[in-house]
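> Which chain is which? The protein sequence lines are A and B, in order.
Heads up, the first sequence is in the working numbering, so the first residue is 345 and it goes up one at a time.
Heads up, the second sequence is in the working numbering, so the first residue is 7 and it goes up one at a time.
Since the hints were made in silico from the structure, they are not lab data.
Worth double-checking, as some hints may not be accurate.
[As the list claims (entries may be wrong)] Here are the simulated SDA-like pairs of lysine to any residue, each with C-alpha atoms no more than 25 Å apart in a straight line:
| no. | chain 1 | residue 1 | chain 2 | residue 2 |
| --- | --- | --- | --- | --- |
| 1 | B | 170 | A | 351 |
| 2 | B | 435 | A | 437 |
| 3 | B | 296 | B | 263 |
| 4 | B | 497 | A | 378 |
| 5 | A | 421 | A | 432 |
| 6 | A | 378 | B | 451 |
| 7 | B | 435 | A | 378 |
[To be verified] One side of the interface only, derived from the structure: several residues of chain A facing chain B at Cβ under 10 Å:
| no. | residue |
| --- | --- |
| 8 | 357 |
| 9 | 361 |
| 10 | 370 |
| 11 | 371 |
| 12 | 383 |
| 13 | 396 |
| 14 | 403 |
| 15 | 422 |
| 16 | 455 |
| 17 | 473 |
| 18 | 476 |
[As the list claims (entries may be wrong)] Per the computed footprint, the stretches of chain B lying under chain A, defined by three or more beta-carbons under 8 Å from a beta-carbon of chain A, are:
| no. | stretch |
| --- | --- |
| 19 | 55–67 |
| 20 | 453–460 |
Beta carbons are placed, not taken as given, at the ideal position from N, Cα and C, and that holds for glycine.
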Amino acid sequence: MDNKKHLDFITSLVLIALGVYVTLESVGMTIASKKAILASPGLMPGFLGIMLVLCATIMLVNSIKGVGFKNILAQTKQWFGGLVKDPVVKNTFLGVIFIGVYIFVLLNLFSYWLATLIMLVFLFLYLKATSWLKAALISVLTVAAVMGVFVYAFHVPLP
Amino acid sequence: MGTYVLQAFATVLQPLNLVCLIGATFVGLMVGMLPGLTSTMAVALLTGLSFGLPSQTALVILISVYVGAISGGCQSAILLNIPGTPASASTALDGYPLGRQGKAGLAIFLATSASFLGTVISVLLLMTVTPLLSSLALKFGTYEYFMLALFGIIICGSITSNGKPLRGWISGILGLMVAMIGLDTISAFPRFSYGITKLNGGIQLIPVMIGLFGFPELLRMFDRKSKSEVSKMSRFNMREGFSILRRNIVNVIRSALIGVGVGIIPGVGEDIGGWLSYWALKSSTPEEKKATYGTGNPDGIVACETGNNSCVGGALIPVLSLAVPGSSSAAVLLAAFQLHGYRPGPLLMTETPALLYNLCIYMLVASFAMWALALLISKFTVRVLGVKREILMPIILALCVVGSFVVRNYMFDVQCMFIFGIVGYFMSKLEFPAAPFMLGIILGNMADSNLRRALGLSKGSLMPFVTRPICLVFFIAVVGLILSQLGVFKKVRKLFDKKSKASN
Numbered sequence: 345m346d347n348k349k350h351l352d353f354i355t356s357l358v359l360i361a362l363g364v365y366v367t368l369e370s371v372g373m374t375i376a377s378k379k380a381i382l383a384s385p386g387l388m389p390g391f392l393g394i395m396l397v398l399c400a401t402i403m404l405v406n407s408i409k410g411v412g413f414k415n416i417l418a419q420t421k422q423w424f425g426g427l428v429k430d431p432v433v434k435n436t437f438l439g440v441i442f443i444g445v446y447i448f449v450l451l452n453l454f455s456y457w458l459a460t461l462i463m464l465v466f467l468f469l470y471l472k473a474t475s476w477l478k479a480a481l482i483s484v485l486t487v488a489a490v491m492g493v494f495v496y497a498f499h500v501p502l503p
Numbered sequence: 007m008g009t010y011v012l013q014a015f016a017t018v019l020q021p022l023n024l025v026c027l028i029g030a031t032f033v034g035l036m037v038g039m040l041p042g043l044t045s046t047m048a049v050a051l052l053t054g055l056s057f058g059l060p061s062q063t064a065l066v067i068l069i070s071v072y073v074g075a076i077s078g079g080c081q082s083a084i085l086l087n088i089p090g091t092p093a094s095a096s097t098a099l100d101g102y103p104l105g106r107q108g109k110a111g112l113a114i115f116l117a118t119s120a121s122f123l124g125t126v127i128s129v130l131l132l133m134t135v136t137p138l139l140s141s142l143a144l145k146f147g148t149y150e151y152f153m154l155a156l157f158g159i160i161i162c163g164s165i166t167s168n169g170k171p172l173r174g175w176i177s178g179i180l181g182l183m184v185a186m187i188g189l190d191t192i193s194a195f196p197r198f199s200y201g202i203t204k205l206n207g208g209i210q211l212i213p214v215m216i217g218l219f220g221f222p223e224l225l226r227m228f229d230r231k232s233k234s235e236v237s238k239m240s241r242f243n244m245r246e247g248f249s250i251l252r253r254n255i256v257n258v259i260r261s262a263l264i265g266v267g268v269g270i271i272p273g274v275g276e277d278i279g280g281w282l283s284y285w286a287l288k289s290s291t292p293e294e295k296k297a298t299y300g301t302g303n304p305d306g307i308v309a310c311e312t313g314n315n316s317c318v319g320g321a322l323i324p325v326l327s328l329a330v331p332g333s334s335s336a337a338v339l340l341a342a343f344q345l346h347g348y349r350p351g352p353l354l355m356t357e358t359p360a361l362l363y364n365l366c367i368y369m370l371v372a373s374f375a376m377w378a379l380a381l382l383i384s385k386f387t388v389r390v391l392g393v394k395r396e397i398l399m400p401i402i403l404a405l406c407v408v409g410s411f412v413v414r415n416y417m418f419d420v421q422c423m424f425i426f427g428i429v430g431y432f433m434s435k436l437e438f439p440a441a442p443f444m445l446g447i448i449l450g451n452m453a454d455s456n457l458r459r460a461l462g463l464s465k466g467s468l469m470p471f472v473t474r475p476i477c478l479v480f481f482i483a484v485v486g487l488i489l490s491q492l493g494v495f496k497k498v499r500k501l502f503d504k505k506s507k508a509s510n
């Protein structure tokens, strides 16, 4: 458990910042809506912001307890240093990029069948799932099945 | 009631619906048995995919896939020692050792039959308890609804967080915050939309759910290679199986009741039902026989599978009577019911009473289909479990996009799925449960509008939240839960023990 305390430390700081931001936004909403606090649209966000700050502060205190502020800072620095070299982080980041490119670029440039075909062939090959020929075949069959079922059978439009 | 039941049978036995039921149960079993694909993910995906179908056909599909997925997880738990869904985690304890003893067939027969019995018992309770709870829910006012939402988040956060309630509560608060995005339900004031028109409509539940539950698994395909050592399949040995089930009648009934009870608790899923049933069985066993658990005791498999599958019916009880989901999958079902024009909640029994009986009958027929299909396909399970994750996951990604898109035909929803997927990935890495987050999104608007209306009615006084009888029950439960989870009761007991020792 102790080796994850630096993660709790960072998470709680992020959550406190988020809670403070939401609370301040809720004050802005109350002023902008020109309504009494109890009826204003900022009431619930304000309540949630305060609750988040409260819970995250308890988490922060728990993360420092028994380790000490200096030690947790040192652990956090060390963790950040190792993060860049971690192969799991690198692979996951690449995964996010690949999926992001498919959703934000390919699907905006091409129709669903072409974007998905490109994505499937690329991922099968990148992940070394199978041979070139099988990757192409599985991709074509998958796209054909999805198009057949949704576009032609159910008349559902696709991106 | 009789007419509704007959009509429901007539609907489900229509050729299209029957084919869809069998197909969806099959898909559910496959999803359930493939590690990493959960029932929630399957129901969320199919909610989007079945959107264009007639509403009854869509409901048949969703219920069948839910029933199938919860049961399917046992096959990989027994053959691989990797539960296909979290619901079957407890089944692996005795299922896998029994499989290693060359009795995988018997273990699968017992697990499937127990799943079937659990579902049937939960359907009977769903039929009887829902109308009662609906009539109680008619007494709910704005104060009670706010307290119910609060209670739901607190209890869900406490139970799903593996002993770290603070994480569960934070997850619930974050979900409630996401629900605040868009125009507010009372005065249409834009909140957290930053002038972006697309955000004014709020964040749609289905893309968020697909992202939260599907994306972490998609990303994991980039950091690990699939490994599988599958046990060999053996004969079912039905005669022995039936005699074990006969011996376990009390175990089945107890586990089913535990499962339904767990299912009713907002946001608490089938995995807890399985674990609690296993624990109850173990606690009721004589001390000298306790050592047999974990070594392939068939009674353990029966308890776990009855317990987790009876949650399916139990989780639908609060959905239909209070519009509050009993599990993550039930939360998606609630969204699906609303998508198809139903309004689950206290007025369900007066507005659309047929829905309850339709769902019960669909679930009953689906459980029969599940039993038959699970036994039929178990011979081929070994091959299915051999499919590489690297092949399966990119295909799932393509389906996640379709599932997120088809609800509103909006690319923005697909982008939301991506963003909440990343949130879901971080949450799973940091051990924040996703269920309270999702429950928060569902209950957010209900909590917000009812809190403001209640405070308006009471002219700012908080007293009605503790003086109205139902509110008081919720208030005591919420405070009790928070104090117990923070260990206050233990500290008080220690203090008393010290004092009594000192006085002695």
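> If a hint holds in the structure, say so; if it does not, say that too.
For each hint, the structure was consulted:
Taking the CA atoms of residue 170 (chain B) and residue 351 (chain A), the gap is about 15 Å. The hint holds against a cut of 25 Å. Note on residue 435 (chain B) and residue 437 (chain A): the hinted pairing holds, with a Cα-Cα distance of about 14 Å set against a maximum of 25 Å. A distance of roughly 22 Å separates the Cα atoms of residue 296 (chain B) and residue 263 (chain B); the hinted pair therefore holds under the 25 Å criterion. Of the pairs offered as hints, the one joining residue 497 (chain B) and residue 378 (chain A) is violated, with about 46 Å between alpha carbons and a cut-off of 25 Å exceeded.
The straight-line distance between the Cα atoms of residue 421 (chain A) and residue 432 (chain A) is roughly 19 Å, inside the 25 Å bound, and the hint therefore holds. The suggested pairing of residue 378 (chain A) with residue 451 (chain B) holds, with an alpha-carbon distance near 21 Å, which does not exceed 25 Å. Note on residue 435 (chain B) and residue 378 (chain A): the hinted pairing is violated, with a Cα-Cα distance of about 42 Å set against a maximum of 25 Å. Taken as an interface hint, residue 357 (chain A) does not check out: its beta carbon lies about 13 Å from the nearest beta carbon of chain B, beyond 10 Å.
Given hint, residue 361 (chain A) at the interface with chain B, is violated; its Cβ is 13 Å from that chain's nearest Cβ, farther than 10 Å. At a threshold of 10 Å, the smallest CB-CB gap from residue 370 (chain A) to chain B is about 9 Å, leaving the interface hint in force. Restraint check, residue 371 (chain A) versus chain B: the minimum CB separation of about 13 Å is more than 10 Å; hint violated. For residue 383 (chain A), the interface hint holds, since its Cβ comes within 10 Å of a Cβ in chain B; the closest pair sits about 6 Å apart.
The criterion of a C-beta within 10 Å of any C-beta in chain B is met by residue 396 (chain A), whose closest approach is roughly 5 Å, and the hint holds. For residue 403 (chain A), the interface hint holds, since its Cβ comes within 10 Å of a Cβ in chain B; the closest pair sits about 6 Å apart. A distance limit of 10 Å between C-beta atoms decides the matter here; for residue 422 (chain A) the minimum to chain B is near 18 Å, and the interface restraint is violated. Of the supplied interface hints, the one on residue 455 (chain A) is violated, with its beta-carbon coming no nearer than about 12 Å to a beta-carbon of chain B, more than 10 Å.
Interface hint status for residue 473 (chain A): upheld, as the beta-carbon distance to the closest one in chain B is roughly 4 Å, under 10 Å. Here the hint on residue 476 (chain A) is broken, as its CB sits about 14 Å from the closest CB of chain B, past 10 Å. Proximity of the stretch 55–67 of chain B to chain A, defined as three or more residues with a beta carbon under 8 Å from a beta carbon of that chain, is established by the 4 residues found. Residues of the stretch 453–460 of chain B with a Cβ under 8 Å from some Cβ of chain A number 4, which satisfies the need for three, so the listed coverage holds.
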